[in-house]
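Chain by chain, the residues run as shown.
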Amino acid sequence: MLTLLGIRHHGPGSARSVCAELEKLRPDALLVEGPPEADSLLPLAAHAEMKPPVALLLYPPAQPQNAVYYPFAEFSPEWQAIQYALRQRIPLRFMDLPYSPPAVDEAEPVPQPPSLDPFSLIAEAAGYADGERWWKHFVEQRRASGDIFQGILELMSALRAEVEPNPFPTAAQDLRREAAMRTIIRSTQAEGCQRIAVVCGAWHTPALLHPEDYPEDARRLKGLPKTEVAAAWIPWTYSRLARRSGYGAGIEAPGWYEHLWQTQAQIVESWLTKIAHALREEDLGLSPAHIIEAVRLAETLAALRQRPLPGLPELNEAVQAIFCFGDDAPLRLIHEKLIVGQRMGQTPAEAPAVPLQRDLAAAQKRTRLAPSAAPEMLDLDLRKPLLLERSQLLHRLNLLGIPWGRLETRRGAKGTFHEVWQVEWKPELAVAVIEASPWGNTVLEAAGHKLCADAAAVNELPALTRLVEAALLADVAEAIPILLQRLQQTAALSGDVSRLMEALPPLANVLRYGSVRQTDASLVQQVVDELAARICIGLPTACLALDDDAAQAMFEQINAMQHAIEILQDEAQSAAWERALQQLAAQEAVHGLLRGRASRLLFERGEEEPTARRMSQALSPGTPAAQSAAWLQGFLHGSGQALIHHPRLWQVLDEWVAALPEAAFTSLLPLLRRTFSAFPAPERFQIGEMARRGGERAAAAAVAHALDAARAEKALQLVWRIVGRDAP
Amino acid sequence: MTDLLRQHAEQQYAEELAELAKTDVRQRPPNWKLSPWATAVYILGGKLENGFVVTPKYIGSRRLVEVAIATLATDRALLLLGVPGTAKTWLSEHLAAAIAGDSTLLIQGTAGTAEESIRYGWNYARLLAEGPSEKALVPSPVMLAMREGRLARVEELTRIPADVQDTLITILSEKTLPIPELDSEVQAVKGFNVIATANNRDKGVNELSSALRRRFNTVVLPLPATLDEEVDIVRRRVESLGRALELPTEPPALEEIRRIVTIFRELRGGVTSDGKTRLKSPSGTLSTAEAISVVNNGMALAAHFGDGRLHAGDVAAGLLGAIIKDPLQDKLVWQEYLETVAKERRDWKDLYRACKELQD
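Chains as they are written, first to last, in the numbering used here: chain L, 1 to 728; chain W, 1 to 360.
Bound-form chain W, shown alone (with noise of 0.2 angstroms):
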């Protein structure tokens, strides 16, 4: 056991990753640790020759992440985008852990993010006392994985300012980083490549430019696909959540977890479960992390004002919260819902009675 709060991806499943290069016998990419075909079982799971399980780690569409290895063996830097909550980051750290060993050249993508961040920076005691020098340099992650011929993560590329997004072209087309202080450059060695992630609700905070945007293949991750999936994952996270908050409730019923992801994928989705009524979208994401917070949060009601038992009326101010965002577009949104959807539903009749009391 590690005491550490959180272990990388290549530590966690370092067995695993052992287990696949192990019986990996097709043709790696220049320096690729897996083939990639070992790459797509390693994150899809699946049961290798020998018996060996290799547990699944992104749960969904194979196609998507076919795409994307296939993207990453082609050279072409990789773009995920998503909702928040539709695992981006955790595939990004899969497939670099997989591809390359090792998930820890990460760049954070902020507000703040300068050039230094993706290009390199000075050690300035050093570069006063001794003028430009290669130990004067302090490298980035990408410069890093350049040199070795890794791949380099960066996280929510849209936050970065466009002017510093744009520092990634050169590297992504000519494979190169220029030094112009030493008058040298870093090229960049087979295997290396770019994994971004990018929220795609916030395209308007720094729009990729269609010059860096061309260097990118992109994949977008979708929303759990079937309302059985979504309802499994929610019911997971809630309950090891729960056990973490150490609340004196009852795990969940199956039932009022579903109706709230029915509730979720059917606002989301513009269409009741059944296909037949078209209704509308309110202005937020309405992903499955905030089922699951809806959820918690009702828990957490039910068990320090309730009777312990999660009832429709504990859930109730947790939906509104999720789904008004916008106070006035999206209280008609779910006012319609409520009147045309749920108070049509007879077993709903308790929901729809607790929903109109707050709302009144």
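Extracted from the complex, chain L is given alone in its bound form (with noise of 0.2 angstroms):
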């Protein structure tokens, strides 16, 4: 006798009914619908250890990334059948087809069509507003079971009559599985059992009932690929359950399925108890009185939609309306927590080694850097392939974190293309490579999902800049576009101008330098392009009203960004920067020190009419002395050589000086003092030489280099030695 339980895959409606069928019929052998390559993992299902949600993963050893998941939550049928099979110890197997890759979505040129769900037609006739409302009123709420089985048989039989002449999209594969189903069942009739009971998708059960009648079964699984696969538990997620994955469509509210399954009766009033305890940790005052309205509010709402019970929705109206005051954000806080659920699932130690580490023994086989125990160094010269991806595998583990280098010596010190890593294998890292390992399966793959997820996970500026910078050094390009997509959302959201310029300067430095990495940074540009536009906007209302202590550090800021705006070499940008710095210099509510380093920026652009003026102005008399004398420094920092070498800029603060009418120069004089004091003992002698004789460098050149030779010579031998060539 064949019986067949026709599902929905994690159904908590479903696993309840099968757990009750399973216990009437006492089968003697089960089938469940999943991959046969992994019958000899079932065993381990009952293990101690092994803890849903988990997944068993199928993958072609050499193309880990080309892995299928078949995930498992405590609510899905397939698993509860799976747990009664191994407690009866009665014969468990899976049937479907054999692994084959899944399809490749960039491969597809042309759009799949709108896949057509059977269900959607039922519930449609029903009148649904989709299959998956339909499903889920008619047989997952269903407390009781009865000869539900029969009736999805027979449903869906009719359905199938209905829209076989127009197949669906995804037909042929589906004919295919189904003749591959019904040879696995074939040869456990063969063998002898009596009582089987199939588990499988309800759409299938119709195909499967007479297995016996179909002798094209042969020929249609002929000439399908073999590929050559290894099968793994790993542990699952319930956010991963949420997403698609081998079983088709994820499930969008694993926690609430979760809560469905577990809870016996008064599940509305139980599951907004819930709600309103997590509401609660979130500073929501919430008392009984607001849970009692919100069961009313449900059952009403579903008796207006004609539904026995109140479904999701139902529950989050009236968690929204009641709980939240109408308001949808803090429903949202609990998404994650209650409605998707945050369980993750656990797999016994003795199961089959992940993808990850084959992946990363690969790795170092083909880089050459086999773990060692020993602590090493390692000079690696970027411009060489092998040595670059030695760098970028360790780069990639570090983003894991699998701390197997650490980094020495940053790039810049030693030129742009080296790096010095110390490496180290500790025991404790391969616990690392498999906490890592629900990442990805490959290296690659795990570290820029790693990346994303904290990309994710951060909102401040200068910490997305430094991930992007750890994405190009580790050369994980996929993540580049998203990581970039995030920095450009956050600088967007951000007011604060201090932190985009903040992270301005490191990504034009990927711009300039990205070629030696061999990375395509034209992504960077676009970025770039908008947060100097950002900034150019922004600036001059930043610089408003900022202490001391802050306009220092603004200072710094403009400095990188000049240094920033003078790599990139674009044109519009400079003229922008220039405009916003224009502003800067005239605002009359900006520091001094700001307003003198833009003035003295504009200068260097060539704005030597305005920059006179502008010096009068700050340092006239009705400028309040503390802002002259900061707007001085700012002009005149760090550049005693620049007055030496630079006869523009000693030509216009000299004839301000000049110009100034004594009483005037005198009040001035401990201002000038005060700058020209932070020059350098030097510098200041050459700038006094200069100014006795009129500004005439030549003259104090030929004073500073009056030559020793014979000292020199001495001096010039050292300078050969630390060059490391012989004197000529």
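Incorrect hints may appear among the rest.
What the hints assert, rightly or not - Using C-beta positions, here's what the derived DEER-type ranges look like:
id, chain 1, residue 1, chain 2, residue 2, range
1, W, THR176, L, GLY495, 49 to 55 angstroms
2, L, GLY495, W, ARG147, 52 to 58 angstroms
3, L, GLU23, W, ASP228, 53 to 59 angstroms
4, L, ALA362, W, ASP228, 33 to 39 angstroms
5, L, ASP327, W, PHE52, 37 to 43 angstroms
6, W, TYR124, L, GLN306, 25 to 31 angstroms
7, L, HIS335, W, THR176, 36 to 42 angstroms
8, W, PRO178, L, PRO308, 38 to 44 angstroms
9, L, GLN342, W, THR176, 42 to 48 angstroms
10, L, GLY285, W, ALA114, 25 to 31 angstroms
11, W, PRO222, L, GLU49, 16 to 22 angstroms
12, L, HIS335, W, PRO222, 51 to 57 angstroms
13, W, ARG201, L, ALA125, 41 to 47 angstroms
What the hints assert, rightly or not - Away from chain L, derived, C-beta distances all over 10 angstroms, residues of chain W:
id, residue
14, GLU15
15, GLY60
16, ALA70
17, ARG159
18, HIS304
No wet-lab data here; the hints were simulated from the structure.
The C-beta atom is built at its ideal place from N, Cα and C for all residues, glycine as well.
Mind assembling these two chains? They're in different frames, but the hints should get you there.
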């Protein structure tokens, strides 16, 4: 006898019905829709350390990135059926097509036609918005099982008879899968099992009812590609269960399903109480009276919509209207926590190795970098492909929290193409690899996912910039567009110009030196452009009303920005920056230090006439002395050498001093002294000399260059030794 | 035809209400003129079994309307929240018209609303002549609604001073209104309920005490969900307003309206319509109503100072006025928008230039 239990994957109602039905049937063999290659792993499901959600992972050892997953939650009918079979010690087998690589979306240029869900047809006939709702309503929410599987079988038969001439887009693959299922059923029957129970997606049930009637199965299954695959149990999470996976569409609310599975009575009341508790933790004052009212509203809504029991939509609406006062933000707060759920599964330690371990081993072999317990220094010349690959591997592992190597010197210290690493393999790193395995099956993929997750978690621009830098160093190309997008979004929302200014220079470096790392940095260009535009617009306002410390910090940032703009060599940006500087120089309310700096930068861009005017305004008696001093400090900061070697700068300053009336000069003297005293003594001496000679640099230079040839020769010899050559 | 400037909802849609009542066989809560189901049809529109077509009164989420009706059916009071111009008052009027057949028991909340408007007042001539008596009592709309099992509406609840708001607590929880002067009370008849509206931008005005808040189920009415929906609303309103104001302008090009609505939606939502770029949002509401006024304003400019056709230059000034409410912060937001979004769009060159001109 063959009993077909048609289910919806991950449906708690289905699971309940399956359990009851199995208890009643007492089958002597159980077949479950799933990958036949994983049969040998099934006994592990009963292991004491096995805690769902877990997933069966099937992958070709050569290409772990082509893995397919079969996730199971506690409330999955398949999981409950497996548990039953293992408890009863009856033969248990998976049935489906052997592994075939998942379809890669990019490979298909034509967009797939919208997939036609068979249940949506029934739902439409019954007046429901979608098939999911219908199934939930009629099957999942049932508390008593009755003859439900017979009903499902009949319904599906009728439905398939209706749509068969008009097959679904995936029909060919479905037919092959059903042929494979039938083959497995027939072989189980041939082994002499009398009462076989089959747990599979409801849609397949009509095709499996009479497995003996399909002589064409062998032909249909001929010529399918055979791939060698490995299988493993891996821990899964509810949030991943909510996404697409090996069983097709994910489920939207694993947390709610778990509640439906675990709760026998008063589902609505206990769910709303759970939500109220979670919201209380978020500091929303909710009393039992709120819960009572929410239950009443949910039930009235269900009645208005002619449902027997409130479903998740009704409950969410009641929660929003009563717990959250109409606001949906608190609801989003608990969405991850309760509706999706945060449960993470666990697999026994003796389960087979994860693909990430294999990929790491392969990468170690490829880069000829064997794990060794002894610390070792590696000097990597990034112009050599092998060494570049090593560096990328180490960077990626660091991103994954597997600190095999520590970067001793950053590039830049020894040129842009050298990295020095200290590598040391510790036993606990193996654990780190397992821990990182949920991120992906290859080091590259995992690093990409980890980066994206990290990026989603941080809201600080500088932290994001660091992630972008790390991604570029590790050459995780996939993550870069996502990181940059995140950076872009954060930058757009950030009102803090100084944060933007912190973020820009590293990106400018990336743009400038990106080619060394063979990274396509063109994506960065767009972000840099936007950042620069935002900074130039926001800078004048951001510099208003700063105190001395804040002005000093901003001063450094303006210098860094200037450097970045110079590196970028972009005319539009340069022009925008110039406008921003002009505004800065002109605004009275801006700290003198910054105005001085802006004037100086403008001067270097060739604005001589306005600079002279700005200088005399800033230093005129109407301006408070402290501001004048700050202006001068900003203007001349660190430019003793520039004064000496830049005749026009000298001229502007000199003309201004010369034009001062005597009384004004006396009162300004302290300010000038304060600024000039910051220069090193030799520079001050030279400036003094120049002033005495009316600004003639040559003469001053001559004084400085009166050389003692014999002493210079000694110094030269040392220099040659440092450079590492023999003296000519 | 009537010569009233504006009719109440129950007058204007009397025929629809009568038809609905005729075909409505579902169970009605006590003192309801229509069943909750028929009320939903009245608000959202639909076709009755006898072929009669009910026009939609509220275009938007069915879910929200259902929550609102279910709330009134549970005898909890209903609070409609939303930024100005999201049809809160409109919805409350139609709910009252459908459920109670009467939308006139209305209290307009202002900073000067006194307790008497919510509980009861006195006819002082009578009070002095005869002493406290039933006859000297002037009932409030709430009191009338309680006596007759109808719906009372409170507009702009958050503008009412907090101590006056709290008068509602006893009414909503005990469903009774004590009259200590007469040593009596008015107990609410079944069917009584309160629909309040409040502007959630003005939260700070007189926020509800948590005790009062707990007596309300809150439904937040959103701004229009899609660009097309909003463009459609703006176009209809602008055309009808243009007729009313007798502007000698051509009806504005749909493209221009779409552009304005796009700007409003993007700034309001903080993200460009293609979802790629995040933006800062200005401090103002940027409601649909404001988009309507920008277009109207542009049309007036075009009619009286331009060539009668709506150009970018005509709307630029209105846009600036609508978006820049805070001269410092909003100006930055707008500049950023112009430079990072508007500038990049090829067919927006005229608008970009017009806005830049205004600014410099």
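Evaluation of the provided hints:
no.: 1; hint: THR176(W) / GLY495(L): 49 to 55 angstroms; result: 51 angstroms, holds
no.: 2; hint: GLY495(L) / ARG147(W): 52 to 58 angstroms; result: 54 angstroms, holds
no.: 3; hint: GLU23(L) / ASP228(W): 53 to 59 angstroms; result: 55 angstroms, holds
no.: 4; hint: ALA362(L) / ASP228(W): 33 to 39 angstroms; result: 52 angstroms, violated
no.: 5; hint: ASP327(L) / PHE52(W): 37 to 43 angstroms; result: 38 angstroms, holds
no.: 6; hint: TYR124(W) / GLN306(L): 25 to 31 angstroms; result: 54 angstroms, violated
no.: 7; hint: HIS335(L) / THR176(W): 36 to 42 angstroms; result: 40 angstroms, holds
no.: 8; hint: PRO178(W) / PRO308(L): 38 to 44 angstroms; result: 42 angstroms, holds
no.: 9; hint: GLN342(L) / THR176(W): 42 to 48 angstroms; result: 46 angstroms, holds
no.: 10; hint: GLY285(L) / ALA114(W): 25 to 31 angstroms; result: 30 angstroms, holds
no.: 11; hint: PRO222(W) / GLU49(L): 16 to 22 angstroms; result: 48 angstroms, violated
no.: 12; hint: HIS335(L) / PRO222(W): 51 to 57 angstroms; result: 18 angstroms, violated
no.: 13; hint: ARG201(W) / ALA125(L): 41 to 47 angstroms; result: 45 angstroms, holds
no.: 14; hint: GLU15; result: 25 angstroms, holds
no.: 15; hint: GLY60; result: 15 angstroms, holds
no.: 16; hint: ALA70; result: 4 angstroms, violated
no.: 17; hint: ARG159; result: 18 angstroms, holds
no.: 18; hint: HIS304; result: 34 angstroms, holds
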